[in-house]
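On the provided structure of chain A, position chain B as indicated by the hints.
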Amino acid sequence: MKAERPLVELKNIVKEFYGVRVLDNVNLVLWPGEIHCLVGHNGAGKTVLMKILSGVLQPEAGEIWIYGKKFSKITPRKAKELGIFRIPQDPELVDDLTVAENIFMGDLPGKVLFNPTKLYNDERVLKIIDEMGFKLDLKKLIRDCSRAEKQMAMLIRGLLRRPRVVIFDETTAPLSIREQRAIMSLIKKLKMQGVGVIYISHRIDEVFNIGDTVTVLRNGKVVVTKPVKDLKGMEELVYYIVGEEIAQELKFSRNKQRIDEEARRVLLKVENLSGDMFEDVSLNVREGEIVGVFGVVGSGKTELAETIFGWRKPKRGEIYLRGKKLKINSPKDAIKARIGLVPEERDRLGVIQYMSVSDNIVLPSIARFKKVLRTFLSMKEIRSVVRSLIRRLKIVTRSEMEQVRFLSGGNKQKVVLAKWLASNCDVLMLDEPTKGIDIATKFDVYRLLDEIAREGKGILVFSSDVDEILMISDRIYCMVNGRIVREMEHRDANRDILLNIALGEAYVKA
Amino acid sequence: MKKLTSYFFIKILYRIFRSYPAIPFIVILIIIAAIYEPAFLTPDNFRSIASYISILGLVTIGMTFAVLLGMFDLSVGGILCLTATIYCIWYMGYYYLYLPGPGTIMFVKELNPVLPEALILLGVLLIAVALGLINGFVIAHFGVPSIVTTLGVLILSRGLAWTLSGGNPLYTIPDYIKYFGQSTIYGVPLTFLFWIIILLLTGIMLNCTTIGRAIYQVGGNPEAAYAAGVNITSTRIIAMGISGLMAGLAGLLMVGRTGVMHPHYGMGIELDALAAVVVGGISLQGGKGGVVNTLCGVLFLGILTNMMNLMAIEAITQYLVKGAFLIALVLFERKLEVRTG
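Protein chains in written order, with our numbering: chain A, 636 to 1145; chain B, 18 to 358.
Calculated directly from the structure, the hints in this document are not laboratory data. A few of these clues could be false.
Unchecked claim - Calculated cross-link-like contacts (lysine to aspartate or glutamate; reagent style EDC-like; alpha-carbon spacing at most 20 Å):
#1 A:Lys785 to B:Glu240
#2 A:Lys826 to A:Asp847
#3 B:Lys352 to A:Glu914
#4 A:Lys826 to A:Glu814
#5 B:Lys28 to A:Asp779
#6 A:Lys904 to A:Glu914
#7 A:Lys1029 to A:Glu1086
#8 A:Lys775 to A:Asp725
#9 A:Lys1070 to A:Asp982
#10 A:Lys971 to A:Glu922
#11 B:Lys352 to A:Asp731
#12 A:Lys713 to B:Glu240
#13 A:Lys708 to B:Asp61
#14 A:Lys686 to B:Asp61
Here the structure is a predicted model, which means the values were calculated and not measured.
Chain A on its own, in the form it takes in the complex (with noise of 0.2 Å):
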């Protein structure tokens, strides 16, 4: 069935960046109608190599073909012209200007001049919103819009330009399951009518779902390229995208006791708290425990963890830690009362990307390390606490003096972790900890936590993962709407019953 000619054909691509290379020798092929599942962990290359099949970087060597035409660099000009379009992580959208604007971007009607009206009653859109079957405004601001709606928009940009080659770059990640759907549907359609879909994912029962062939990457090296059908189930999926010798390793379980109640003390009690996006809650995190909050993306999770945090400003509700009353104005007077925030905007918020590994893990405990006069830092003690955390927690970076920029998405997490260890806290809150987190790195972050908790300390995961939830919490509380819907201890919750409260009443309300 397969047509004569790949419509793609990228051979031997290197990259490098800064003199680390990130794709070496790189090949893959793409067929007309094919979905090619692109999958490896953070920082494998997947991002890099489709950034250079749409004209976004340059390649240092390698040949790109692309309709049996070969080009030794292609420009985002160029790939827009030839039918390849990428929809990528971040929607790369202009806040300031309305969506119809940021759809037309780059290809705006009229040569000179150019008419807004027919910005906002084109067909073709209006079309493809309705097919689709969602609902976007089209003179609202990008500024004002939901994640899904920016990515519908960069969507609806591809579809525009009747692409040959569209790029989903984990596209599904913060929709919810209902535009999931959508999306997967929309992909079959662009199958059928013969567009070359790349389709890049963490999640590999998506690949089982709809993927043609899949390709492995790791370390900017394809590990393997094999059609879906032929892999033998998860396991092996999984055992290329994390190598041999980690493949043993990835077994956690926590011995998940009954919290004995009366034995064990209130660490973090939250009453009635209300805020923006939150109402009305109410949770406790006791000593040596983990705590799981459920619910689905805009359940508010994240706005209760930052105003915990002191980030935001809470309406109503007070706030106790070991039964005494905190009074939290901003994460200083959090970081105070030892409550440390893994914050889920990484890049933006848990790190300083220009500074070292060594300077971002001391950071909230800087004043510890005051030993000199009791004014200047003990650059030794600092040293020699940044070493034992980075063997601790297998951080892999040069030295501790790299800035943090140059770390993968997992190692990064690992230096935003060392950074609370380091400041001794007792209440950890950790939001959406292992997103975009590849397995292993995953893995590692779960043995922490458990460690971590058997120190007596407590932690709070706010998390939309229910395998994650399940797997290291010994409470969980639903939360629905910006609600808690409901309270249970772990062997009383199962997937079903979870995803049910979740998006049951989710999608009641929606």
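Chain B only, in chain A's frame:
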């Protein structure tokens, strides 16, 4: 029913203030001026405001282009001065060569042949555009921060202007430019009309042409614009070229209005223009604002300066008042933004 309409009215008012936060301040200024200074509300005074505004206004339009792209153009004062100087020199038919140092020497050199007037006009404007394009090229192509590049061009062009004029005022000015700078139609200064026309053209360009929209796209998020296939380099170069052109036009108007070319023309005008842009509510991050904001900012600065002149406030004190107003206004804008965003 009445309640509803008043609510609607307030809502619209709020929306206007949010986009053009300088408007309430302008209204307050006018009220204060009208109460305390009877001379304020006279046609003569309006004429004087209008002709003051038009020169600063032209430079501010150029600055608007730069700021919409998230850049600064500090070179406008220098370009203004150099354009005006070369214009006068070409008209006079000779220039100075000023060699500083111990025993300063000044040569007077003949220009041969003397150019026709239309060509002179075209030539100086081309020079202004060229300087702007150089700015843009260095910024966009080599990635040098705009503040550094334009600072260099500012110093360079002013130095060149002083070298060519020998640091002297030049008094030989063609009559037609004086006429243009000083006459009125139905009591409205020509320069002001000229500025309004340019302002309208700018508005049309920014809103209704593809290059205008590209300026907003690149200013709002250059990476996104690049990935969407917008040519960000040429957009930046064109915008800086326009800024240079505006500075050149402002130089000609300045010469026309005063009837003399003084080497200190345009000193500090880049900061006034920047202040006007900020006061008008254009985001320094780029991608947000429009010509109405420019108009508001220029009006505010123009009226404020005029008012203080009428009240015979000393030049030194004027700086104090201007600075205080600037900070107050920007704080007010920030407050609005925080509440809505």
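Now the hints, each set against the structure:
| no. | hint | in the structure |
| --- | --- | --- |
| 1 | A:Lys785 to B:Glu240 | holds, 16 Å |
| 2 | A:Lys826 to A:Asp847 | holds, 10 Å |
| 3 | B:Lys352 to A:Glu914 | violated, 27 Å |
| 4 | A:Lys826 to A:Glu814 | holds, 18 Å |
| 5 | B:Lys28 to A:Asp779 | holds, 18 Å |
| 6 | A:Lys904 to A:Glu914 | holds, 16 Å |
| 7 | A:Lys1029 to A:Glu1086 | holds, 14 Å |
| 8 | A:Lys775 to A:Asp725 | holds, 19 Å |
| 9 | A:Lys1070 to A:Asp982 | holds, 12 Å |
| 10 | A:Lys971 to A:Glu922 | holds, 18 Å |
| 11 | B:Lys352 to A:Asp731 | holds, 18 Å |
| 12 | A:Lys713 to B:Glu240 | holds, 16 Å |
| 13 | A:Lys708 to B:Asp61 | violated, 64 Å |
| 14 | A:Lys686 to B:Asp61 | violated, 62 Å |
Hints 3, 13 and 14 from the list above are not met by this structure, while the remaining hints are.
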